[in-house]
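Protein chains: 2
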Amino acid sequence: MSITLDPWGYAAIEDYEKLLEEFGIKPVKDMISLYSLDHHFFARNVIFGHRDFDTWLEKLKAKDNVAVLTGFMPSGSPHLGTAMVYEELKYFQQKGAYVKIAIADAEAYAVRREDRGDLIKRGVEFIAHAIAWGVNPEKAEFYFQTNMTSSYYRLIQMFSRKVTEAEMRAIYGDVSPAKIMAALTQAADILHLQLEEYGGFKYVLVPVGIDQDPHLRLTRDIADRFENELGLKRPSSIYHKLLRGLDGNKMSKSRPEYAIHLDDPIELAEKKLMNALTGGRATAEEQRKLGGEPLKCMIFELYMYHLVRDDNELRDIYSECVNGKILCGECKRRAISKLRELMITHSENYNEVINQVEKYVKKPSF
Amino acid sequence: MSITLDPWGYAAIEDYEKLLEEFGIKPVKDMISLYSLDHHFFARNVIFGHRDFDTWLEKLKAKDNVAVLTGFMPSGSPHLGTAMVYEELKYFQQKGAYVKIAIADAEAYAVRREDRGDLIKRGVEFIAHAIAWGVNPEKAEFYFQTNMTSSYYRLIQMFSRKVTEAEMRAIYGDVSPAKIMAALTQAADILHLQLEEYGGFKYVLVPVGIDQDPHLRLTRDIADRFENELGLKRPSSIYHKLLRGLDGNKMSKSRPEYAIHLDDPIELAEKKLMNALTGGRATAEEQRKLGGEPLKCMIFELYMYHLVRDDNELRDIYSECVNGKILCGECKRRAISKLRELMITHSENYNEVINQVEKYVKKPSF
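So the protein sequences, as listed, match chains P and B. Residues 1 to 366, numbered by our numbering, are exactly what the first sequence covers, in order. Residues 1001 to 1366, numbered by our numbering, are exactly what the second sequence covers, in order.
Read the hints as simulated data drawn from the structure, not as lab findings. Just so you know, even glycine gets a beta-carbon here, dropped at the ideal spot from N, CA and C. There may be inaccurate statements among the hints.
[Unchecked claim] Restraint-style ranges between C-beta atoms, simulated for each label pair:
hint: 1; chain 1: P; residue 1: 174; chain 2: B; residue 2: 1033; range: 48 to 56 angstroms
hint: 2; chain 1: B; residue 1: 1024; chain 2: P; residue 2: 138; range: 57 to 65 angstroms
hint: 3; chain 1: P; residue 1: 359; chain 2: B; residue 2: 1164; range: 36 to 44 angstroms
[Stated by the list, open to error] Counterexamples of contact, computed for chain B against chain P with all Cβ distances above 10 angstroms:
hint: 4; residue: 1031
hint: 5; residue: 1035
hint: 6; residue: 1039
hint: 7; residue: 1060
hint: 8; residue: 1064
hint: 9; residue: 1094
hint: 10; residue: 1098
hint: 11; residue: 1140
hint: 12; residue: 1224
hint: 13; residue: 1291
hint: 14; residue: 1357
Please work from the sequences and hints to get the whole structure.
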């Protein structure tokens, strides 16, 4: 059997294309060569959609004021899905963008009902992991939502005036005070970088998983409503596919055995990977005959997203699999070896960073 | 006809007593001699009810940390109703309490949809009027809600977690984002004074018109819910009756001709007063025979609240009226003379203060 499927196409692509149509998100494909987007997330269609990314890239090219902003909910510990955002931040930072990272401690406290002490500790860890992954702390800024200055909060309060109950209900399903605060706070995270008080107007790009688009839609509407009053402009955004759990389902905190966390002991990570869902056939014989199904395989997904940077190597792995030249056990051992390397490096970096991280972020006092 | 009615009793007292029963507000009467409350608002039952005022007075007596906090919505300009709060602040300040005054600019912007520039200007004017009325700016602190530091906003965000949609709907009738923000911001106004970041725990008294009690009830519930986590305690509060408009109805911005504003030109104020509803009879003859009805008279209400401080003088006026010895025209001229004196003094003070007030409060930057 020869290669007929484009491994860059990805199994669940139909679902994502539906999203493009339904919400007016544009495909990113056309822009890859136009703007020399040389990250494998683009080439492999992991980052598959955007809003106004072209505007932002033009400003980046013109060395205008551009920034990348993202937020992390300091809940649990970062996993390989979180690392996709770290990877994007690192990439745009290298391209010359200023990076700002929010720790969504206000939201975690209010919506997820986490203990304040725990989530402040975790917020610091999320930052240390970002730096360990390669985000340059000298060219980035980190903050806790609850530690911001008054101009930021003034935005939240102003935004509350131009958002209706019906709108909140349509986007979030409920209008509890906690949800409303969280939503308006996210909008302030994204838009505060345009204020004079925070260094003057910047074109802001928000790289997120596609599940976060509702927040972006609300934020764009808010920006429109405050364009005259505050000079706010719509943010740009790019959307990546969600790295699935090792069982092939959406990752979930209630099934930690199917997600590889950056702070997992290496043996645990290996064990999780050995139990991953693959695209293997019922028997070895059958697999040698029919070949495996890499697009159904969580190991292949890990190769695509994180473990194999070289496109030729990825193509070879794909080919070996669909031609039945390699079985799942061997392939998993190969993946484990790559994962081990990645995690050992990361862990070494992390241990170096964690004791210095507090010089890069002020912890909230309560 | 002899005096049988107690002028301190006040016409609408039945309504207020219903409030006492329904909401568990306690009458303030019993405490007047116990704590030597020597302001005519107490003696005349204008301040008629309270929650935990006794606790606060004990702390005041013990020279423990006590504070009085109130907020002004910088909408329109202050009138003689607003001045009741100024009067209370001045009184408790003289008794040794620390005074803090919030300008509710966030709320005015979000709920009343006022222009930001206008309301910042008006906020400054509300403060100048407070100082002109006698609040000592050296022993008080003034702030705009949108100008606070992060600990205050952290409270708002934390509060959002422990307030439900149903609860907000029950208290405020709607759950628009603006209303929710405004309600939680008011709670932070009242409770932030207990935080380490704002000088450490203080017993807080909130003097308000009775219509503000729903906010106090919510704030007390919030304090209970954060007692363990943040060490918050319920605020104390005292309630005054609402000074009615000169037509006998609740004051309203849509009928400015029935409210005397502190910045009214004196001729306008006089004209408004001449048109006030009185307790006069149909004819002069009838009034001489039956006497007037001071408890139905807005001029008498002004005497009670603001224009006559001396109890004997007030009693004489009452007596003259009910005995038909004075008619409304003459009585109004007497009131005008007193009002003129009050307003000229206030206006002189105000003109002195307005140019210096910005040294006592930082204006928001947008």
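(request) Check the non-interface label on residue 1035 of chain B: least C-beta distance to chain P beyond 10 angstroms or not. (result) holds, 34 angstroms
(request) Measuring Cβ to Cβ, find out whether residue 1357 of chain B lies farther than 10 angstroms from everything in chain P. (result) holds, 20 angstroms
(request) Could you say whether the range 48 to 56 angstroms given as a hint is met by the Cβ separation of residue 174 of chain P and residue 1033 of chain B? (result) The hint (48 to 56 angstroms, Cβ to Cβ) holds, given that residue 174 of chain P and residue 1033 of chain B are roughly 52 angstroms apart.
(request) Would you check whether the claim that residue 1140 of chain B is not at the interface survives, using Cβ distances to chain P and the 10 angstroms cut-off? (result) holds, 20 angstroms
(request) Over 10 angstroms to the closest beta carbon of chain P is the bar; see if residue 1039 of chain B clears it. (result) The claim stands: residue 1039 of chain B keeps its Cβ more than 10 angstroms from every Cβ of chain P (closest is about 35 angstroms).
(request) Classify the label on residue 1098 of chain B as holds or violated, using whether its beta-carbon is more than 10 angstroms from each beta-carbon of chain P. (result) holds, 22 angstroms
(message) Quick check on a hinted range of 57 to 65 angstroms for residue 1024 of chain B and residue 138 of chain P, using CB atoms only.
(response) Hint holds: Cβ distance 58 angstroms, inside 57 to 65 angstroms.
(message) Quick check for students: does the CB of residue 1064 of chain B sit more than 10 angstroms from each CB in chain P?
(response) Holds: least Cβ distance 23 angstroms, greater than 10 angstroms.
(message) So residue 1060 of chain B supposedly isn't at the interface. Is its beta-carbon more than 10 angstroms from every beta-carbon in chain P?
(response) holds, 28 angstroms
(request) Grab the minimum beta-carbon distance between residue 1224 of chain B and chain P and tell me whether it stays above 10 angstroms. (result) holds, 17 angstroms
(message) So residue 1291 of chain B supposedly isn't at the interface. Is its beta-carbon more than 10 angstroms from every beta-carbon in chain P?
(response) holds, 52 angstroms
(request) Using the Cβ atoms, figure out if residue 359 of chain P sits within 36 to 44 angstroms of residue 1164 of chain B. (result) The hinted range 36 to 44 angstroms holds for residue 359 of chain P and residue 1164 of chain B, with Cβ atoms some 40 angstroms apart.
In this structure, every one of the numbered hints holds.
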